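A.B. asks: Take a look at the letters that make up each chain.
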Amino acid sequence: MSDLRVDRGGRAAIQRDQPEVPLAAPTPEEQEAADRVLARYSGFRRDQLLPLLHDVHAETGWFSEELTRYLSQRLGVPFADLYGVISFYALFKTAPAGRTVLRVCKGVPCYLHGAYELGLHLQELLGVGPEEPIGDGAPSYSWEWFACLGQCDYAPAMLLGEEAVRSVTPELLERIVKEGRETHGVSGNSL
Amino acid sequence: MLEPVTLTVDGRQVTMPAGSTILGALNALDIDTPTLCYDPGLTPVNVCRVCVVELKGARVLAPSCSRQAEDGMEIFTDTPRVRDARRMVLEMLQSSVDTSTAPTLLQYAVRYGTQPDRLEGGATVEQPVRAGDNLLYVRDYSKCILCYKCVEACGHDVQKTFAISVAGRGFDAHIDTGFDVALGDSPCVYCGNCVAVCPTGALMGRTEFDMRQTGTWDEKAQTQVDTICPYCGVGCQLRLHVQDNRIVKVSSPREHPVTRGFLCVKGRFGYEFIHGGSERKHRRL
Amino acid sequence: MFNSGGGTASYEDLEETSILLLWGANARETHPVMFLHMLKGIDNGARLVVVDPRRTLSVEAAHDWLPIRVGGDIALANAMGHVIIKEGLQHRWFIDHATTGFEDYKALVAGYTPEWAETVTGIPADKIREVARDFARAERGMICWTLGITEHHNAVDNVLALINLGLVTGKVGREGCGLNPLRGQNNVQGGGDMGALPDRLPGFQHVENDELRAKFERAWGATIPPKRGWHQSDMLEAMERGELRCLYVLGENPVQSDADAHHVEQLFQGLDFLVVQDILMTATAEMADVVLPGSAAWAESGGTVTSSERRVQLCRKAVDPPGEARDDIMILQDIANRMRARCRGIPSWVPYSSPEEAWEELRTLSPNHAGMSYRRLAEHNGLQWPCYDENHPGERVMHWRLWQDPLQGPRVPFLPTEYEPPVDQVDEEYPFMLTTGRRLEFFNTGVQTALYDSARPQEEILEMNPEDAAELGIADGMLVRVSSRRGSVVLRARADQGLYRGLLFMTLHFPDQVTTNFLTIHATDPKSGTAEFKATAAKVEPAELAVTGAGGATERVPARVQGGSA
Amino acid sequence: MAYPATASNLLLARCGLVDPASIDDYEAHDGFQALRRALEMGPEWVIEQLTLSGLVGRGGAAFPTGRKWQAVRAAQGEPRYVILNADESEPGTFSNRKLLEEDPFSSVEAMAIAGLTVGSALGYAYIRGEYTTATRYLATAIDAARERGYLGADVLGSGRPFDIEIRRGGGAYICGEETSLFNSMEGLRGEPRSKPPFPVNVGVFRKPTLINNVETLVSVQPILLKGGEAFAQLGVPGFTGTKLFCLSGHIAHPGVYEAPGGTTLRALLEMAGGVANGRDLQAVLMGGAAGMFVPLEHLDQPLIPSALTPLGLTIGSGAVIIFDDTVDMWEVTRLIAEFFAEESCGQCVPCRVGTKRQVEILHRFTMGHGRPDDEQLLQEIGAAMGDASICGLGQTAAWAVLSALKVFPSPSGDIGA
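Residue numbers (this note's numbering), protein chains in the order written: chain A, 8 to 198; chain B, 267 to 551; chain C, 8 to 573; chain D, 3 to 419.
Don't read these hints as lab results, they were simulated from the structure. Please read these numbers as outputs of a predicted model, since none were measured by experiment. Cβ coordinates follow ideal geometry from the N, Cα and C atoms, glycine included. Hints should not be assumed to be uniformly reliable.
Just the calculated beta-carbon pair ranges, DEER-fashion [what the hints assert, rightly or not]:
(1) B/Arg478 / A/Leu179: 56 to 64 Å
(2) C/Ala477 / A/Glu131: 54 to 62 Å
(3) D/Arg39 / B/Gln334: 37 to 45 Å
(4) B/Asp337 / C/Gln415: 43 to 51 Å
(5) C/Lys534 / A/Glu39: 55 to 63 Å
Taking lysine-lysine pairs in the DSS-like style, the calculated list, with each CA pair at most 27 Å apart, reads [unchecked claim]:
(6) C/Lys47 / D/Lys408
(7) C/Lys134 / C/Lys47
(8) B/Lys486 / C/Lys324
Please construct the entire structure, taking both the sequences and the accompanying hints into account.
C.D. replies: Structure, rendered in structure tokens:
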């Protein structure tokens, strides 16, 4: 049934669910993660969407088509609409990414402090280009370029998962990758 | 009731009811203003920016389609600034989108003297035609100027079906069913109201698409006749586009009080039966 | 309504109302463009309440859904009346001013407590109270209904129960208010308006009124039988009695569209002479002695049709009909002429050379249509009757006179009606209630929709409650046999959460695959002649296990007709 | 840094001095005194002080803060909202991050003052998603403040409610634009809305909304403690109070510097120790990506609108990026253009296509095969973007490029070769 919300025109708008489209079939892990988060958002309102997406994303690392469909059906937010929102924000992934994502800042101050070389170094260390996931099945690590992280006074900087790493040196980068390899237990020449 | 407002446009005064837009005032003065994303039946999204005008005292140009007319406004619609902005916007569209089936846009392009080849070689929104997921209409997003009309018509403003949305951002922003699923996996009800509002032919009825492919589509040879839909009892006015004694397209006049230009799947696409089929029970008597 | 069969309000009113009861109607699928007006109404603040056994697409857009058990409509309407009167929410001024029979209504609904209605309708008593209060208290309110109300053996009573609800709350005759049946075909309204009813002449003028009849006799130079004729169900009964031996069918496919299709087919086979005038070779046409190729009025000949808001609009010729197909009005006149010449020796006479000429004559005979010239119809995008003269704008809201002080014209009566269960009752053998309806992309017996490239498959599907399906071991897509006391069919099944336990749903769209009307009952409403398509006791079995021969129906496995989807 | 606050150390007074997680520490350093004062003196007094102070929005648009607060207070419609705009994403800008990481309570206090002044019971702190540390400190501060009665159903016994919810951005520069931020908060794509109507009347959830940058709000506390006039006397008539500048790039000591209005770029450079490694200064980008390259002859211009506007310059967010003589400035310009192409929401044509075309042309420059009319094209694209885009992003996305055309040697020659 509908649920009245306010759209950007300020009118009451209908959010309908989608009886004609297939029922979502997320993986059990995705569904569990989504259910855990959804339980914290009973009486969901549309303005809680971003916090909820952050929470789900933190657990799953990305939004698969089926997970998105599942969320759409549970939240009563149309699937296309939900995808439109998810695909708008750079921190949300719609393709498999590493459990941990390394985001190398490519803002101007970081560029001036060797961010480009840093990225190349990382590529060498991990053996993959930006946004290419590593590992079989559940990828554990990936790296990408990212817009200015606001750590310009500590350039070059990057994000390790959600945490900022400041004044990154090649040595620090090597240590991070080494620790990551140990933590995630990824073997082989991919990491 | 709020007081009417009086504004000056290109030196001429015009008084408009409160709540009118600048475009309303321009129309009242018969000033032909280009619009691409504006549609009187939809909420203005003011994204195409070809309707911009100069507003005295404002830092930037104002979109006439959505900006409310205010008492004392001084508007200029044909200054070099306005013409340059309109021309550049059109050039940008021409350089990135296949505008071959967008007659209105091309007409504006001529009016403002665009030189789209200056921007040649840049990125375009070229992508495969989505023709395989249904036999009623075709989506060719290389022709999409992202005017949002289809999204508004499918969503809040008309159908509330919400089968499509704008996804991605920047130059990669595009119309999407969500992970680009086939229409059959979306809530689409095939009303074709997105097709009805599309200004560029990115959305097109299958018959028209096929005829254009084979080179048989000929608008000059077509007649348009208004009649009433043969299905339910709502009384939707259909405009039949006829070529060689066959219906090739169905639309509805935007000004009709029942439809306002919007139809359902049967009215828009369900006309084949009068031409008959090969099976005996479908054969015309 | 109130002696003239048309909705009292307009689509515009849907956009201005405060509460809309969509009753036995799935407008989003069956009247999609009217539903757009309802959606605008919701945008403007209206509350939409859907009364439907199924959780339809319309329900998805509604604020409230009353999942009524099939056939419980009068119980619900009367219980709402009960709540309204008990809580003093009735529109006292309007009732005193413009109605009669309120005391009888009050006495009748006194027995219809919400608690009792809950047992019949399955809708919680408190929900009934809530909606009744909301409807009564709302400044403006409308009730729209379709075949969920009228395809019952007590169709007219159902409608009366809703009218009573409109009267008791004063929700008629004002803007944003009204009682509106949504017409299922593009000219159901116009056909009735033009006298295609057994007791009416054009313009809802009663055939048994000597003065009115005389007016038509003068105009037509002919004698009109002074008694009402037969409606369709009467005709079938007359065929059964052998009184009706010859039938002329125009643009209808009764062999597939009428309830209890087996029986109808037998009756048609027994006719001496059957003439069918149609544009396609329908199943009925296949049985005809003579088939007359007509034309599609909406695109090949022209004329007028009248919509659910009483709007008379012009159809225009856009293409030439194929082969020997002719304009229906000409075929009819030719036949009339030959009959005159052959039977009475009167020379040939062609009164109408075009639909417009027939229309001009109508304008002189039907006061409701007097102001509607073709020119005005074209200029105004149609006009709503009544439209008495060429300066009359047509009536957006009917019965506004009821609000004039002093009252103009007669009072309108409450016509209290009692609840009656469907004729076909469920029992141990037939434990399911089968109801029928339309799907968005298809239409009636599929004659018009079988040919276009619909995106959804052209295939009949039985919808049933998932738990029922699980209990019977029926998985989605499995073939099942559905049987009623009259016949049985085999088709695929699909579980649907939107159906309550014990409810089945099918359409009539694919009679060549699945003749749903083998199952339906020919229990007809004596007042309207409508059959009870909406309530059939049935049973369901996995087809593999089914014993063949029950009811003698041909078992046909539907060939999956592929639509467009990949 | 020393405490108490000095003329040039108002906003940063507590940064690095107090424990950002300790409400006791904050209270011991004037914490919540301004809130008490505001409650005691009433909303009209608060707005009067803001007006007297001459404080203008520090996010870049420089709208008078007192007028904005007054407008929200007077706006029709309930409820009203207060939003702390901490979606600081302007490249080269990091003062919000510093304030939230090192002195989060001052933002909490300022939001409470704002809420009680304009008649709002609920505030939102919208923080860019990448600022996790700042988010944690702010969340801790909000909880601690609530526990002590500075937030909640009855703020300091005033009988009036105010509370704060945190919203994290999703990684979108555009959401720093206030109307995009509203859409983002409402769970939509962060596409900007058309203005007017303005947020003071039609903001988040279509309700009157006070939205201020962190730096602006943090300025409120010293204004109320010292008085609006005292604040105005810092700085100069064209720019009252103090302003935070973020110095980064080839500078000896990158960081956030506070300076009274009227300061110059040269003064800021000196505060930060000059160009790093003793190299020569080649260029200064002021205002971040949405700013412009400053011709070096203007280093001594006072940074006030009356001096900058005629030169086609603005302070913007206060970002100052320093480039030494080794840098390929057209490569930097291309990077900036790329940033906008990636961060454009894509809604309006001039910005969606214009940002893309800028990158393509600048790419030609850096690859050494610019076309003869490329500079002219950049001018025209930039003009259309500036004139016809919906929001500030598109309107300013060509500024750096246009200023580069003015300041740097023509790229159509052998630049990038």
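A.B. asks: Against this structure, judge whether each hint is valid.
C.D. replies: Status of the hints after comparison with the structure:
1. B/Arg478 / A/Leu179: 56 to 64 Å: About 60 Å separates the Cβ atoms of B/Arg478 and A/Leu179, which means 56 to 64 Å holds.
2. C/Ala477 / A/Glu131: 54 to 62 Å: holds, 57 Å
3. D/Arg39 / B/Gln334: 37 to 45 Å: Holds: the Cβ-Cβ distance is about 40 Å, inside 37 to 45 Å.
4. B/Asp337 / C/Gln415: 43 to 51 Å: This hint holds: roughly 45 Å between Cβ atoms.
5. C/Lys534 / A/Glu39: 55 to 63 Å: holds, 59 Å
6. C/Lys47 / D/Lys408: Roughly 54 Å separates the two Cα atoms, so the pair is violated.
7. C/Lys134 / C/Lys47: With a Cα-Cα distance of about 25 Å, the restraint between C/Lys134 and C/Lys47 holds, given a limit of 27 Å.
8. B/Lys486 / C/Lys324: The hint holds at about 19 Å.
Comparing the model with each earlier hint shows a violation of hint 6 alone; every other hint is respected.
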